[in-house]
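Knowing the structure of chain G, use the given hints to seat chain H on it.
Take a look at the letters that make up each chain.
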Amino acid sequence: MRKFLPTRRIACAVAAVVLLACLAMHPLTSSAGDVRQPTEHEVKVALLYKFANFVDWSEDAMQGAETFRLCMLGESPFGDALELLEGKRIKNRPLELLFASSPEHARGCHIIFVNQKWNSRLGEVLEVLGSQGVLFVGDGSGFARRGGVLEFALEGGRVGFVINPEAARREGLVVSSKLMRLARIVGTD
Amino acid sequence: MTKNFLHYMLSTLGCLLLLLAGQAFAQSDSGASDVDLTELSLETLMSIQVVTASREEQALFKTASAVYVITSEDIRRSAATSIPDILRTVPGVNVAQINANTWAVTVRGFNQRFSSKLLVLKDGMTIYTPTFSGVYWDIRDTLIEDVDRIEIIRGPGGALWGANAVNGIINIITKNAADTQGGLVAASGGTESGSVAGRWGGTVGDDLAYRIWAEGELHDASVHDDGSRGQDEWESLKGGIRADLSPTDDDRVTFIADFFTGHVGQNTWIPSPNAPGSLYLDEYESPYWGGNMLLRWEHDFSKDVDLAMQVFFDTVELKRRFKPGIYGPSQKAREATYTLDFDSQLSFPLGSRHDVIVGFGYRSIWDSFDGDPYWVLTMSPSHLQRSIFSAFIQDTIALWEDQWSLILGCKVEHNDYTGFEVQPSARLLWTPNDRHTVWAAVSRAVRTPSRVERDALYMRQPAMEVANMGLSPAAAAFASMGGLRSLLALGTATGGFGMGGQASIPVVPELQGSGDFVSEELIALELGYRMQPADEFSLDVAGFVNFYEKLMTMEANNLVLGPGYALLGVKTTNDRKGVGYGVEVSAKWNATDWWRLEAAYSFLEVDSWVNTVGRNLLPQFETEQSPQHSASLQSSMDLPHNIELDLIGRYTSELDGLDIGDIMEMDARLAWTPYENLEIALIGRNLLHDHHAEYKDRIVYLGDSQIERSVLAKVTWRF
Numbered sequence: 000m001r002k003f004l005p006t007r008r009i010a011c012a013v014a015a016v017v018l019l020a021c022l023a024m025h026p027l028t029s030s031a032g033d034v035r036q037p038t039e040h041e042v043k044v045a046l047l048y049k050f051a052n053f054v055d056w057s058e059d060a061m062q063g064a065e066t067f068r069l070c071m072l073g074e075s076p077f078g079d080a081l082e083l084l085e086g087k088r089i090k091n092r093p094l095e096l097l098f099a100s101s102p103e104h105a106r107g108c109h110i111i112f113v114n115q116k117w118n119s120r121l122g123e124v125l126e127v128l129g130s131q132g133v134l135f136v137g138d139g140s141g142f143a144r145r146g147g148v149l150e151f152a153l154e155g156g157r158v159g160f161v162i163n164p165e166a167a168r169r170e171g172l173v174v175s176s177k178l179m180r181l182a183r184i185v186g187t188d
Numbered sequence: 000m001t002k003n004f005l006h007y008m009l010s011t012l013g014c015l016l017l018l019l020a021g022q023a024f025a026q027s028d029s030g031a032s033d034v035d036l037t038e039l040s041l042e043t044l045m046s047i048q049v050v051t052a053s054r055e056e057q058a059l060f061k062t063a064s065a066v067y068v069i070t071s072e073d074i075r076r077s078a079a080t081s082i083p084d085i086l087r088t089v090p091g092v093n094v095a096q097i098n099a100n101t102w103a104v105t106v107r108g109f110n111q112r113f114s115s116k117l118l119v120l121k122d123g124m125t126i127y128t129p130t131f132s133g134v135y136w137d138i139r140d141t142l143i144e145d146v147d148r149i150e151i152i153r154g155p156g157g158a159l160w161g162a163n164a165v166n167g168i169i170n171i172i173t174k175n176a177a178d179t180q181g182g183l184v185a186a187s188g189g190t191e192s193g194s195v196a197g198r199w200g201g202t203v204g205d206d207l208a209y210r211i212w213a214e215g216e217l218h219d220a221s222v223h224d225d226g227s228r229g230q231d232e233w234e235s236l237k238g239g240i241r242a243d244l245s246p247t248d249d250d251r252v253t254f255i256a257d258f259f260t261g262h263v264g265q266n267t268w269i270p271s272p273n274a275p276g277s278l279y280l281d282e283y284e285s286p287y288w289g290g291n292m293l294l295r296w297e298h299d300f301s302k303d304v305d306l307a308m309q310v311f312f313d314t315v316e317l318k319r320r321f322k323p324g325i326y327g328p329s330q331k332a333r334e335a336t337y338t339l340d341f342d343s344q345l346s347f348p349l350g351s352r353h354d355v356i357v358g359f360g361y362r363s364i365w366d367s368f369d370g371d372p373y374w375v376l377t378m379s380p381s382h383l384q385r386s387i388f389s390a391f392i393q394d395t396i397a398l399w400e401d402q403w404s405l406i407l408g409c410k411v412e413h414n415d416y417t418g419f420e421v422q423p424s425a426r427l428l429w430t431p432n433d434r435h436t437v438w439a440a441v442s443r444a445v446r447t448p449s450r451v452e453r454d455a456l457y458m459r460q461p462a463m464e465v466a467n468m469g470l471s472p473a474a475a476a477f478a479s480m481g482g483l484r485s486l487l488a489l490g491t492a493t494g495g496f497g498m499g500g501q502a503s504i505p506v507v508p509e510l511q512g513s514g515d516f517v518s519e520e521l522i523a524l525e526l527g528y529r530m531q532p533a534d535e536f537s538l539d540v541a542g543f544v545n546f547y548e549k550l551m552t553m554e555a556n557n558l559v560l561g562p563g564y565a566l567l568g569v570k571t572t573n574d575r576k577g578v579g580y581g582v583e584v585s586a587k588w589n590a591t592d593w594w595r596l597e598a599a600y601s602f603l604e605v606d607s608w609v610n611t612v613g614r615n616l617l618p619q620f621e622t623e624q625s626p627q628h629s630a631s632l633q634s635s636m637d638l639p640h641n642i643e644l645d646l647i648g649r650y651t652s653e654l655d656g657l658d659i660g661d662i663m664e665m666d667a668r669l670a671w672t673p674y675e676n677l678e679i680a681l682i683g684r685n686l687l688h689d690h691h692a693e694y695k696d697r698i699v700y701l702g703d704s705q706i707e708r709s710v711l712a713k714v715t716w717r718f
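Heads up: the sequence lines are chains G and H, in that order. Here numbering that gives the first Met the number 0 is used: position 19 in the first sequence is 18, and no number is missing along the way. Here numbering that gives the first Met the number 0 is used: position 100 in the second sequence is 99, and no number is missing along the way.
Relax, there's no trap hidden among the hints.
Chain G stretches covered by chain H per the calculated footprint, using a threshold of three residues with CB under 8 Å from any CB of chain H:
(1) 46 to 56
(2) 82 to 88
(3) 171 to 184
In case anyone wonders, no lab produced these hints; they're calculated from the structure. Backbone N, C-alpha and C fix where the C-beta goes; we use that ideal spot for every residue, glycine too.
Just chain G, with the same shape it has in the complex:
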């Protein structure tokens, strides 16, 4: 009683769409191409890199370090955006990107990005790694209040950040006044 999909008509529609696309494609490949809008992840990765320029680590923390270590604690949410950091140098050292599955594996890191999973277990992370000169960066509200140093905060589609100066002091980090000025300041709960 019911007819099945009229394959021919659908094929026509598909062909029409594809043909139009082909017609449209020709001029496009020869033009320069619009600049793509950066993703949230790319901006955050770039900020992770920039932060290092506005934070001073204690001599203890940097002593004997041949590389500057930026670590992802837990599965990294950033995906391909981390490619932005390829070949970069921080504090006159080559940037080394490390992926740690647990706090124990993240010893010796200068910046640690704490992923969602470990964010909810920040207490455990700080027990292992706290007060050792680490710039802890995390996502989501409350990370800084609970003892993280820097927290990304999305506001109206833009990436801002929150700083907990107490936590920075605990880590022996000196945060530049410029970074403080751009951030929202919170204390530890």
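Below, chain H alone, put in the same frame as chain G:
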């Protein structure tokens, strides 16, 4: 035909090859031209408007239900001018326009003007009318530029959302006021409609953002199949304010107030008083007004402990004025509904493995139906207040290695019609990695009785002929009802009542509510799979089997002959069972960074049968009012010189129950942005036919309208 097909396939293939070559070329090009973000200053980085969907998409990807989200960007590029039209390309959703101002929208079958098994929310407010459990889509439309996203959940959500979330939930979410700063003026004009809209958004201090907006619209009437014009033209004016306040880092307060008013024309078929057996087209006009206010407060006690509370008040008043006709001089009626709703929910972790959400709600509905005694709809009692209390709990349990989650939920509701209703659900989610998600669910949901089903003294259905209604079983039923035999004989004598389908005496069915009518029940089994083998491509498949019990049907109650027509009393009963099953597939492909393709296909089969044949009418009622197959293909292209081209093709198979053929249609949008803040768009809708019918309303018969091709120009200026 085969030759043609081959020809198309070959040209398609050729184009694809060309395209892939182009893509490779474009990629090597764009890599070099991209700005190195790490070279930018902190201030610049902080000022970049980013694509933020990633987290939501991630969360969405790992949801244990069939969710589909339409973003504001999708809406902008959809060529749609109303909310129902935006929903047309969503898998599992069936949209049919009945006439210029009336739509039938449903999820997973049972499409009607007032599709009852669907919960529709706007910013957390229910916007379906409790009178029919359906939505006045014309009245409830909003400024589409303000819509942040529309979330469509197919399948039952009763465990979280409560009664009416049986076949699906449509949640319209408007933008935060912080995201609509500055000014916007949009004007459009075309063959079928015109509109002017304005919006201004600003801030007070650091913490408060607001917007104020208004939109006026005019819509042309549809045509009838005999070529005459309908009287269904309409106009509307709506506006509102929204304020978002964040007094502290942990508090968010939202206030929304909307107002809407308008004037809708409608036509309907009435038995002619002069020539027995014939129908004549009557018209009525329906002015309406309404508004709502919502206050929501969200507070984060800590990272994982969140509280949200909201209260809203909503009011809608519709008037209907008939032109003088068979039922006497100019008939008037008024239908007013007021809703006060309080809702709260608290989410918190319990141990390391449990995420719990608990919630409580209270809703109070008042309504009043006034009017002349022969008006189409009369209620007993004509004024009524009813309350709904509800509580729910949902626990998301992380199982083995965080790859498995079990989500258990239950909602208990108490309503004045049927007492306690319990709606549990269990969902299992497996996410072996970020690229694959498998989920399964079993849930129970109920659809509580609407006011009409319980309390309609009569809802006089502007007439239809016996043959059209397929009422032979009814006629047989009357034959078996001894007392009515003589009436039936009389009916037959005056023009052949019923039996052979050669009817000529119009029957005016009068739907009568029944105090015995209880909730419709559903047990649903669902299974879904999502995959994203590459960043550019994603696929979503969901299948379901729905077992319905106690579905609404109508039973012949009595028959009264009037001058030239017969009044057929029809009572609501729960005497029907049903089974629905189907599969929905959708795929998104970002073919290049300037071309996106999206395809959707849905298969649906719904069958229902009455428990006791005999007096029962319309055994096929509802089940053949949704297409068995629907498909859509969308193409969105960003062309050079700031030009966008969007093409949407869509197909629905025939509606056997309504004598509507299959429909292949196409919409297109061509937009040019000469300056950053100015957009000029040309929009064509229903381009393939002059006009076509999408639906015939058999419950409140509106005449058979046809939807016309339309062309529209739209200018949007932001400042």
